[in-house]
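From just these sequences and the hints, can you work out the full model?
Chains as they are written, first to last, in the numbering used here: chain A, 1 to 112; chain B, 1 to 113.
Hints were generated in silico from the structure; no laboratory data involved. Among these hints, one or two may not hold up.
[Said to hold, decoys possible] Below, a list of computed lysine-lysine pairs in the DSS-like style, where the Cα atoms sit at most 30 angstroms apart: (1) Lys13(B) <-> Lys42(A); (2) Lys42(A) <-> Lys111(A); (3) Lys30(B) <-> Lys42(A); (4) Lys79(A) <-> Lys42(A); (5) Lys52(B) <-> Lys13(B); (6) Lys111(A) <-> Lys13(B); (7) Lys30(B) <-> Lys111(A); (8) Lys30(B) <-> Lys79(A); (9) Lys79(A) <-> Lys52(B).
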Amino acid sequence: RKEVEQDPGPFNVPEGATVAFNCTYSNSASQSFFWYRQDCRKEPKLLMSVYSSGNEDGRFTAQLNRASQYISLLIRDSKLSDSATYLCVVNLQGPGGFKTIFGAGTRLFVKA
Amino acid sequence: DAGVTQSPTHLIKTRGQHVTLRCSPISGHKSVSWYQQVLGQGPQFIFQYYEKEERGRGNFPDRFSARQFPNYSSELNVNALLLGDSALYLCASSLEDAIDTQYFGPGTRLTVL
Chain A
1 RKEVEQDPGP
11 FNVPEGATVA
21 FNCTYSNSAS
31 QSFFWYRQDC
41 RKEPKLLMSV
51 YSSGNEDGRF
61 TAQLNRASQY
71 ISLLIRDSKL
81 SDSATYLCVV
91 NLQGPGGFKT
101 IFGAGTRLFV
111 KA
Chain B
1 DAGVTQSPTH
11 LIKTRGQHVT
21 LRCSPISGHK
31 SVSWYQQVLG
41 QGPQFIFQYY
51 EKEERGRGNF
61 PDRFSARQFP
71 NYSSELNVNA
81 LLLGDSALYL
91 CASSLEDAID
101 TQYFGPGTRL
111 TVL
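Right, dumping it as structure tokens:
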């Protein structure tokens, strides 16, 4: 089982649609959680941190469920510019040291 | 303020050669992490350094090594290059420990022939 698993995608949605991405992680010692977006051949850019209380930034809402080891990202009113790969990221500190684990990413295509 | 910078942007090497990649973190950031990203996959964690000490290491062979300098910049070294080392190498910096938010540089695209 992969340490961080995301929906394989791709997701193809029309402009204005609501789209949800899911991510699960296997290590209960994981300490911090993030969503990044990555455009083709570019570096990942931080989208938002993820907290148990949930957080919202405009059209984007992220949620963490520690009991289920599950992270989600909701995008409302999709724009063409939202087309990108969305990466789920987990940080953990264990006996072997620190580790950051990325999911494989979910590709989103928003069409007019 | 300048973001994370990396050099070179592109590099072509042949099998068996050695490569050094460089990274300068955001001013004031003390932690640097290195990642390898091959096409179609998420970045894979290689190393994390904080205050010049290695704090984490991913599942990479000993051919990969890194260090962090007193000014918090960092180098990633790869010896005895293999074709499979062809990838985008990303550096990320964070303010303190890498549990914090990480900010990525544009990457170095390495091609091994």
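When the structure is checked against the list of hints, which entries are broken? Sort them ascending. 6, 7, 8, 9
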